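Listed below, chain by chain, are the residues.
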Amino acid sequence: MKIKINDYKGKTVVLISGDIDMYSSPDLREQLMVFIGKKTAFLSVDFTMVSYIDSSGIATFVEGLKCMKAYGGRLQFFGIPQGILEIFRFSKLDNVFEMYGTIEDAVNS
Amino acid sequence: MKDAMFITIPSHPKFLSVTRAVTSRIGELYEFAEETIEEIKLAVDEACANVIKHAYKGDTSKKIVLKYSVTRDAFTVIIEDSGITACKGMIKGRNLDDVRPGGLGVHFIKKVFDTFEFDKIKGKGNRLTLIRHMQIKI
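As given, the protein sequences belong to chains A and B, one line each in that order. Per this note's numbering, the first sequence starts with residue 1, numbered consecutively. Per this note's numbering, the second sequence starts with residue 1001, numbered consecutively.
A portion of the hints provided could be inaccurate.
In silico EDC-like cross-links for lysine to aspartate or glutamate, where the CA-CA straight-line distance does not exceed 16 Å [what the hints assert, rightly or not]:
#	chain 1	residue 1	chain 2	residue 2
1	B	K1014	A	D27
2	B	K1067	B	D1003
3	A	K2	A	D19
4	B	K1092	B	D1073
5	B	K1111	A	E30
6	A	K92	B	D1098
7	B	K1002	B	D1073
8	A	K38	A	D19
9	A	K66	B	D1003
10	B	K1137	B	E1028
11	B	K1014	A	D19
12	A	K69	A	D27
13	A	K92	B	D1073
Note that these hints are calculated values from the structure, not bench results. Bear in mind the structure is a predicted one, so any value in this text is a computation, not a measurement.
Bound conformation, chain A alone (with noise of 0.2 Å):
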């Protein structure tokens, strides 16, 4: 998994490839948590490039939600496979997470 930061109108973009797994989300959270511990208002992640996402992907994009809300920040997806999805629609997690199709509707919302 590899992880870059863009800014795109003034908001934060998180871009992923690769695989979210148990390996690799540690390391995701550590940069979730650099953004929510500055207390970032919004902050959309592209999920375009990501392959695959496993249960403590998922895990980590949760406590990323609850810490955001804690303070009023927004954790926005967009560009989301249909494969994985599907995985958000089966842990019922779909409508808690705010999901987009593209970075326009993501930054417009």
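Mind docking chain B on chain A? Use the hints.
Chain B only, in chain A's frame:
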């Protein structure tokens, strides 16, 4: 007729990608539907992650043995470890309506496999048997 394969991986999370690759490849060999391959890959990965987390308590120096068998009407994966006896966390997931980190892995496993059965291995460890009943070209 039955085909059988097995692999042994160290109990380090970095090797979970190996189990995913092997599981996917087996699914491709037997022409499983793409969606089925993804579900089985996730389930086997979650089962091995549970072994690392619960049976070995994060000890990365142990072994996990995966035995795959394919018959005309079933796909079976047996996962063996030498860790502590299976605890509730390995068997029971959280309520899906209770949104909190963790507790999803078992749901992913039970979604795809018809049989999810733990046995103690004589002496020490666990044996998890996962069976999915399906028609397979063999």
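Comparing the hints with the structure gives:
no.: 1; hint: B:K1014 - A:D27; result: holds (13 Å)
no.: 2; hint: B:K1067 - B:D1003; result: holds (11 Å)
no.: 3; hint: A:K2 - A:D19; result: holds (9 Å)
no.: 4; hint: B:K1092 - B:D1073; result: violated (27 Å)
no.: 5; hint: B:K1111 - A:E30; result: violated (30 Å)
no.: 6; hint: A:K92 - B:D1098; result: holds (9 Å)
no.: 7; hint: B:K1002 - B:D1073; result: holds (10 Å)
no.: 8; hint: A:K38 - A:D19; result: violated (26 Å)
no.: 9; hint: A:K66 - B:D1003; result: violated (46 Å)
no.: 10; hint: B:K1137 - B:E1028; result: holds (11 Å)
no.: 11; hint: B:K1014 - A:D19; result: holds (11 Å)
no.: 12; hint: A:K69 - A:D27; result: violated (21 Å)
no.: 13; hint: A:K92 - B:D1073; result: violated (31 Å)
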